[in-house]
Amino acid sequence: DQTSKENNPASLGILARSLSVFAYVSVYVMVKVFQAADATDLVTELRRSFDDGVTRGYEWRVTQLKKLLLICDNHEPEIVSALHDDLGKPELESSVYEVALLRNSINLAVQQLKDWMAPDKVAKTSLTTFPASAEIVYEPLGVVLVISAWNYPFLLSIDPVIGAISAGNAVVLKPSELAPASSSLLAKLLEQYLDSSAVRVVEGAVTETTLLLEQKWDKIFYTGSSRIGRIIMMAAAKHLTPVVLELGGKSPVVIDSDTNLKITAKRIIAGKWGCNNGQACISPDYILTTKEFSPKVIDALKQELEAFYGKNPMESKDMSRIVNSNHFDRLSKMLEEKEVSDKIVYGGQKNRDKLKIAPTILVDVPLDSQIMSEEIFGPLLPIITLNKLEECFDVIRSRPKPLGAYLFTQNQKLKERFALTVSAGGIVVNDIAVHLAVPTLPFGGVGESGMGSYHGKFSFDAFSHKKAVLYKSFIGDAAIRYPPYSTGKLRLLKALVNSNILEIFRVILGLS
Amino acid sequence: MEAMKETVDQSLREMRDTFASGRTRSVKWRKTQLEAIIEMVKDNEDKMCDVLFQDLGKHSTEAFRDELGFVMRSATTALNSLDKWVVPRKSNLPLLFYPATGKVISEPYGTVLVLSSWNFPISLSLDPMIGAISAGNTVLLKASELSPNASALLAKTIPSYLDNKAIKVIEGGPDVATILLQHQWDKIFFTGSPRIGKIIMAAAAEHLTPVTLELGGKCPTIIDHHSVSKDMKSVVKRISGGKWGSCSGQACISVDYVLVEQSFASSLIEMFKPVIKSFFGENPKESGCVARIVTKKHFQRLSRLLNDPRVQASIVYGGSMDEEKLYVEPTILLNPPLDSEIMNEEIFGPVLPIITLRDIQESIGFIKSKPKPLAIYAFTKDEKLKTRILSETSSGSVTFNDVMIQYMCDALPFGGVGESGMGRYHGKYSFECFSHEKAIMEGSLAMDLEARYPPWNNFKLTFIRLAFREAYFKLVLLMLGLKR
Chain P
1 DQTSKENNPA
11 SLGILARSLS
21 VFAYVSVYVM
31 VKVFQAADAT
41 DLVTELRRSF
51 DDGVTRGYEW
61 RVTQLKKLLL
71 ICDNHEPEIV
81 SALHDDLGKP
91 ELESSVYEVA
101 LLRNSINLAV
111 QQLKDWMAPD
121 KVAKTSLTTF
131 PASAEIVYEP
141 LGVVLVISAW
151 NYPFLLSIDP
161 VIGAISAGNA
171 VVLKPSELAP
181 ASSSLLAKLL
191 EQYLDSSAVR
201 VVEGAVTETT
211 LLLEQKWDKI
221 FYTGSSRIGR
231 IIMMAAAKHL
241 TPVVLELGGK
251 SPVVIDSDTN
261 LKITAKRIIA
271 GKWGCNNGQA
281 CISPDYILTT
291 KEFSPKVIDA
301 LKQELEAFYG
311 KNPMESKDMS
321 RIVNSNHFDR
331 LSKMLEEKEV
341 SDKIVYGGQK
351 NRDKLKIAPT
361 ILVDVPLDSQ
371 IMSEEIFGPL
381 LPIITLNKLE
391 ECFDVIRSRP
401 KPLGAYLFTQ
411 NQKLKERFAL
421 TVSAGGIVVN
431 DIAVHLAVPT
441 LPFGGVGESG
451 MGSYHGKFSF
461 DAFSHKKAVL
471 YKSFIGDAAI
481 RYPPYSTGKL
491 RLLKALVNSN
501 ILEIFRVILG
511 LS
Chain Z
1 MEAMKETVDQ
11 SLREMRDTFA
21 SGRTRSVKWR
31 KTQLEAIIEM
41 VKDNEDKMCD
51 VLFQDLGKHS
61 TEAFRDELGF
71 VMRSATTALN
81 SLDKWVVPRK
91 SNLPLLFYPA
101 TGKVISEPYG
111 TVLVLSSWNF
121 PISLSLDPMI
131 GAISAGNTVL
141 LKASELSPNA
151 SALLAKTIPS
161 YLDNKAIKVI
171 EGGPDVATIL
181 LQHQWDKIFF
191 TGSPRIGKII
201 MAAAAEHLTP
211 VTLELGGKCP
221 TIIDHHSVSK
231 DMKSVVKRIS
241 GGKWGSCSGQ
251 ACISVDYVLV
261 EQSFASSLIE
271 MFKPVIKSFF
281 GENPKESGCV
291 ARIVTKKHFQ
301 RLSRLLNDPR
311 VQASIVYGGS
321 MDEEKLYVEP
331 TILLNPPLDS
341 EIMNEEIFGP
351 VLPIITLRDI
361 QESIGFIKSK
371 PKPLAIYAFT
381 KDEKLKTRIL
391 SETSSGSVTF
401 NDVMIQYMCD
411 ALPFGGVGES
421 GMGRYHGKYS
431 FECFSHEKAI
441 MEGSLAMDLE
451 ARYPPWNNFK
461 LTFIRLAFRE
471 AYFKLVLLML
481 GLKR
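Top line first, the protein sequences correspond to chains P and Z.
The first sequence maps to residues 1 to 512 in the UniProt record's numbering.
The second sequence maps to residues 1 to 484 in the UniProt record's numbering.
Treat the hints as calculated values from the structure; they're not laboratory data.
Built from N, CA and C at the ideal position, the CB exists for glycine as well.
Hints should not be assumed to be uniformly reliable.
[As the list claims (entries may be wrong)] Label-pair distances were calculated between CB atoms; the ranges are:
#1 P/Lys311 / Z/Leu480: 29 to 35 Å
#2 Z/Ala3 / P/Ala118: 53 to 59 Å
#3 Z/Lys47 / P/Ile231: 44 to 50 Å
#4 Z/Lys47 / P/Arg47: 49 to 55 Å
#5 P/Lys311 / Z/Tyr472: 35 to 41 Å
#6 P/Gly53 / Z/Glu2: 54 to 60 Å
#7 P/Gly53 / Z/Ala3: 53 to 59 Å
#8 Z/Val87 / P/Pro119: 35 to 41 Å
#9 P/Val54 / Z/Phe473: 39 to 45 Å
#10 P/Pro119 / Z/His226: 25 to 31 Å
#11 Z/Pro174 / P/Asp52: 39 to 45 Å
[Claimed, not checked] Straight-line alpha carbon distances no greater than 30 Å define the calculated DSS-like cross-link-like pairs of lysine-lysine that follow:
#12 Z/Lys428 / Z/Lys103
#13 P/Lys457 / Z/Lys428
#14 P/Lys457 / Z/Lys325
Bound conformation, chain P alone (with noise of 0.2 Å):
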């Protein structure tokens, strides 16, 4: 054999060919490459499920909320680990962040489905077209598209699904390819778990997220930028498709000189490095503050850092690192913009193998700067300070509407005032990022930062149509409906109307 191996290059040269087509070939039937005709036929077949039925009744809806249940209570471990593969998340942060509010926001949904079901009644009082009735009834859209986001993988997925199952309707997920390892785990655990001949997850980037969007879905959850917003919302435009569009922006922090400043600082550590390293949406951004009270925040903010994170924050395993090199690249020039360097207070320190940004503060930079402009979605937290605290209301103003406005303080008049003018998707005041947890609160942007909301009985109603329903009966037809018109129905019209406008309508729709 030897011999014949030595005597025959020419066959090894084929065998080795043979089998490189043959890995080719492989390779391309396993990693199956979704085209166009791909993205057709999936909604075609979770259209027909939805058209059968199979989405709409009470019992597949909570069956499929408690096999996500099973999935929080089976898998966590494994989530917890895909968030540190794609994250370096620590795993309180995906315990609590991710895997306890999913189990929650479940919990809550498979509660009061009943309820969120029924009908609503409309006040019999409230008609003008006595004898009736009405009520509002709740139903699916039909087929709806999920896109979330890397920072938050498995919430982001999950909860808005959650909304869409609930409502009744067929979804697809597409997560995040920028967490892969959970876009993975969410694929294999949501196959395996829920129903797939309406519950799907389409894995892939832009191209797949591209060809998904060409698709006529009879609604688009999206939670992301702002810019891949505006394109999301333009396809949806060409079918006539309503949008949830959860974005981001700036979350200002305004911080009075009456605040408790300990607890002040340990909340915005916890909001801003402890949700994920400062990349989050509801992240605080930057902080306002009056140019007497800044040294002391700044003293508090270092004094609660290190107390969080030792006198090496780099080395600090409760920390989320940068997700990868191109949003570390960004921070990067961000830092080292000129006029934005020499305002560095506190850390700076930077490693790209790790991915690791030191949490570092900076005192007024430059207001035009990149770090002033964009959404930071990082470790890094301005410091702008002013002559009086009120003045923070313009700084607010000239920028976009973020998704998250914050407030410091004990003085009422001022929490009014904040609460009244500030424009925002969501006001916390004396805390940080909380009300996404709460969810008898709708959460979501407006202007730059999005448009709808969602959580609770929100996500039931942002994946619903509320159809009105009006039942009339035969009784009582008055002639004053129907043409002929004569001055004489006329007249009688006028002096109803100068008599009681609201007694018009009950004539014209029978009962007078």
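Put chain Z on the given structure of chain P with help from the hints.
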């Protein structure tokens, strides 16, 4: 066009400054404007009926019933309810967050654009404006150039009644609309066709502007003659009134076509004839009660729909047309081919196809094969059929045993789904349509939980897990050291 661009820029600047000044936020300001709208309509009733007659040949009774009276009622409702609508809504927070409090306040979007349609040019302009104003926005209206007299009257009259630094009117057609859509608005409200709706939404996407699109579709009317035989006279009258008594069928919620069982079709047609005659006499063209087709272009569209020889062959009543007077006679068709144009686009005219089925249950499948309409009407007392219609079809709304009146009921949201639109208004929904629902949460600086903060350890992890599960007893055990 340059002048128009300058006008738009200036108007926007002024409206934005006005909004920033906070004037439109005050409830007093909003109420003053709403009262002014009522006064404006009352004072200009005759002029408004005149322009509606000029643009659409509407009889003043129809004009008053469908537009003027409707607007006054809408403004009155808003006036009476505004104090209630502006109150923040308290949200109950889970115990976990104690002692934090939460509420939702309705905040105006800012500067909004209302684009209205030609068929109800007064009400489709003023009604959305009532919503925008109640919600505290500044608003710019562009009415349709296809109802030029109504548009001109609004442009002339609104500035003398309303705060013209906050509420503005611009006249013009598609070229003006294009200029308007190049700007950033905080909300756009559009009433019109699905085709233009897509263009509006795509333009809004550039600025991430939320939109409400009130579009149209083919609103089917199911007649289950078995269960409503006793009231058939009323059925026919209501359908006729809805189809031919309101802008000659040129309404988004008009009865587009009728579905009925084959066995009843000819009786049904025979019942329509005397009703139509009772409405319009022997010569509807001279009755003064038939609105005309809005423009030559629309007339030619309807003409084309009817001139299809297979459609011509299906005419069982009416059919006469007068291009000079822009008049189309109340017309009934029996089973025009389902692939004809008239059965595949919104008719928007006084032509009523009757489609027969073997069994009325087939109406469900028939409706489902078409895009989701703005409204479905069904005349039936059969509870099973009602349930089937509600659960198996999708539409903006469903009305049983009448037509069109869901529009008058301001306790019901008015809007479409799918091709028939997105968003809704009327009554409180108008206020919500132009408001951003802003969540406000307030925490306490007095109490703090160490477990919230790094450095993380197992104790903190267990604590938070239990807290999230609201397993308070176990939480207490943990804190007392009795749980590992």
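Sort out which numbered hints this structure fails and list those numbers smallest first. 8 and 14
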